[in-house]
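**Student:** Could you build all of it, start to finish, from the sequences and the hints given here?
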Amino acid sequence: MSSDVRFTDFKSDKQPTWCPGCGDFGTMNGMMKALAETGNDPDNTFIVAGIGCSGKIGTYMHSYALHGVHGRALPVGIGVKMANPDLEVMVSGGDGDGYSIGAGHFIHAVRRNVDMSYVVMDNRIYGLTKGQASPTSREDFETSTSPDGPNQPPVNPKALALASGATFIAQSFSSNAQRHAEIVQKAVEHDGFGFVNVYSPCVTFNDVDTYDYFRDAIVDLDETDHDPSDRDQAKDKILESEKEYMGVLYQNEDSVPFEEREGVEGSMAEIPDGAPEGAMDLVREFY
Amino acid sequence: MPEDLNWAIGGEAGDGIDSTGKIFAQALSRAGRHVFTSKDFASRIRGGYTAYKVRTSVDRVESVVDRLDILIALTERTIHENEDELHEDSVIIYDGERSTMQDVEVPGDATALEVPLKRLAEDAGGAIMLNVVALGAACEVTGFPIENLDESLEKRFGDKGEAIVENNKKAARKGQNYVQEEYGEFDYDMETTDEDYVLLNGDEAIGMGAIAAGCRFYAGYPITPATDVMEYMTGRVDQFGGKVVQAEDELSAINMALGAARAGARAMTATSGPGIDLMTETFGLVATSETPLVICDVMRSGPSTGMPTKQEQGDLNMTLYGGHGEIPRFVVAPTTVSECFWKTVEAFNLAEKYQTPVFLVSDLAMAVTEQTFSPETFDMDEVEIDRGKVVDENEIDTWLDEKGRFQAHFAAADGVSPRAFPGTTDGAHMTTGLEHDELGRRTEDTDVRIEQVDKRQRKVETAREQEDFDYREFGDPDADTLVISWGSNEGALREGLTLLEEDGYDVRFLSVPYIFPRPDLSEEIEAAEDVIVVECNATGQFADVIEHDVLERVQRINKYNGVRFKADELATEIKQTLDTPPEATQ
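Going down the list, the protein sequences come from chains A and B. For what it's worth, our numbering labels the leading residue of the first sequence as 1, then goes sequentially. For what it's worth, our numbering labels the leading residue of the second sequence as 1, then goes sequentially.
It cannot be assumed that every hint is accurate.
To be verified - So the derived list for chain A, only partly shown, Cβ under 7 Å to chain B, looks like this:
(1) N44
(2) N84
(3) P85
(4) I271
(5) L282
The set of hints was computed from the structure by calculation and includes no laboratory data. Keep in mind that this is a model prediction, so the values were computed, not measured. Note that the Cβ used here is the ideal one computed from N, Cα and C, for glycine as well.
**Tutor:** And the structure:
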């Protein structure tokens, strides 16, 4: 790792095809800043993404990256980190990718607590398929596939995370660049699974959860007396439906990452030229 | 006494059938006898009929036959289930004092030994040891030195303390003495030798092969009959710096393995048919992203949940053609338990040399069969590792474009690009399931699309040139009758061949472990008069493939009732096939 890494070093020379004004620009910039600030460089960083607008991030960033299949980015990230704990692993997803098709993996990634960060670009709509309801869409949000609204309450990803035993839960807003980068940085620095739900507005298809809406609704936790180490306080704020919070909702300072608890040490990429020493003992076991 | 002895213990699941059978099989193996085991079991934890069968001889045994010489029947149903395999010299051991066994009718002229298993076990220290009493009785009937059983009991119960071991030894002797006193001498005298054998099943051989080959990351989800691979690797791979992760489902399992492989580890997942279905989407990603990965399919009866505890070779088409679009892959199917080890090693080398997923296809019959081998069969010094075109910091410059970007999907002449593990300076690159350019970036450019599709397909041609995708040959090389098979049928066919030879039939047998790419069999088929393809499925999936290759109809022997082929059964079937005109067979 070199100390003179700038966040632009994480930028690729590919121009994003996100719509002008899309929240994902800000979300990505914050991710790049957080990685640079934490002393990482593109060659020790692995970005994993699923499908959707959020999934494009690996192309626009410069690092080792994998753009996978819909909803399955988290297990890929877990595999990368388990095989080489020296790598900085960051997973990016969207609300459809992460909380619908990938909801099962989300719960299990949270409880596994592998040391990586998970940044979800939550725009409360399916953007890339041109405007259908997502799992975080409001109950009455009219879309092409929900003309009268989805008629079911939205998923509360922070509550899911808390119930699953999360050790780090944060929420951020892509438009507030400085705060967003700080929050993602805390997720990266966290020893365990750093989950950040980022409000990342869709300017094309979502006319309800807009920049203006979030700007008005968001309360910065740093301006309240919130104690992130207090799980009960976190629970109350997470279940509160009237307000949108920004900041670290919950952090367990005693978190020990899964790979550490499992005793994984160093990269699994290094293997001997033949069978490992002592392998004949494996055969003798069957006497 | 026959040269080979067929022994079984049967009862309800939960009766300790498996562990009792294993104790006996291990005792035989330690006494220098060859062993081939098979299991009848149902998909439930308690209740239902289950049996553990052991065939043993001083010579190698490669299959099961339709004959049972000694049967320990813990339930009446056990006798009925095996009625067809009993003969006039068979001996049945059962507890006539049990209320459910009092009216047992012994079929034919078989000898019935009523041994009060439970009462004798209680005398030795606990009713739980009644199976061991039966083992002692079996030792007496077969003249098998009971000291060998002692060693096996020590291995099984050693960690439960000296007292438990001693009680079990006592229980075995109670059974032995009872038979001696009540029934006198038996005609059997089971020979022992000084040979050292190891006893293991196909799943264990795959797990051991994976560790030997440097596999360090395994992710899987429990499913019959692949679970033993995961259970074997758990704990053991840790000793070599690896880890097994039990994923939340098969989708997660293959994606974790993919992630680990991208990070540079040799990685594997194993599952059975339904799990392969779930993994298929990511299988496409593995191939398109050119990630080396070994995906093991231990087949069982399908489709859907089918018959989870029964044999079938029905997934060949799935492994050969599964996944949307056109995907280069290797499909390797070991033909014996020991080949499960060696083909697993080979699978990892193929995966990394060609940066392509490899389907390692086994089946239930192989997974649950334990077989004896001399330890040298698994000579670890013979294991070779080829990681393919991995580049490090010193070589990476060669593979950077004019802007200094690593060309992870460089359209090399042999179809294989350089590979940089994450962490390699200047190697940072993107990979994706989307069609991509040489840098790994998404493209819809028509020329690049063709270049990348061709590049991936070229690996197959390169592999055909560089690798030896051959068959194993048995029988008479000049015979007019050619039998072809794949996977676990090899043992039964080899023994079936001997039976056919005794009846004057000359047969040439090719056992094919490579499904794709596979050996060209056109010359062999042309040289034969009758060509028969044997496989455990209804439609003849491998026969279809061969017909496609040689543009010629072949005859088929198919079995899909859930039970593996038996040697004597196959010999009969082959004779019948040869007596029937080719057009009428299916």
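**Student:** Indicate, hint by hint, whether the structure satisfies it.
**Tutor:** The hints, checked one at a time:
Here the hint on A/N44 is kept, as its CB sits about 6 Å from the closest CB of chain B, short of 7 Å. Nearest Cβ of chain B to the Cβ of A/N84: about 4 Å, under the 7 Å cut. The hint holds. Interface restraint check: A/P85 against chain B, minimum CB-CB distance 10 Å, threshold 7 Å, status violated. The restraint placing A/I271 at the interface with chain B holds, with a minimum CB-CB distance near 3 Å, inside the 7 Å limit.
Because the closest C-beta pair between A/L282 and chain B is about 5 Å apart, less than 7 Å, the hint holds.
When each numbered hint is compared with the structure, a violation occurs for hint 3 only.
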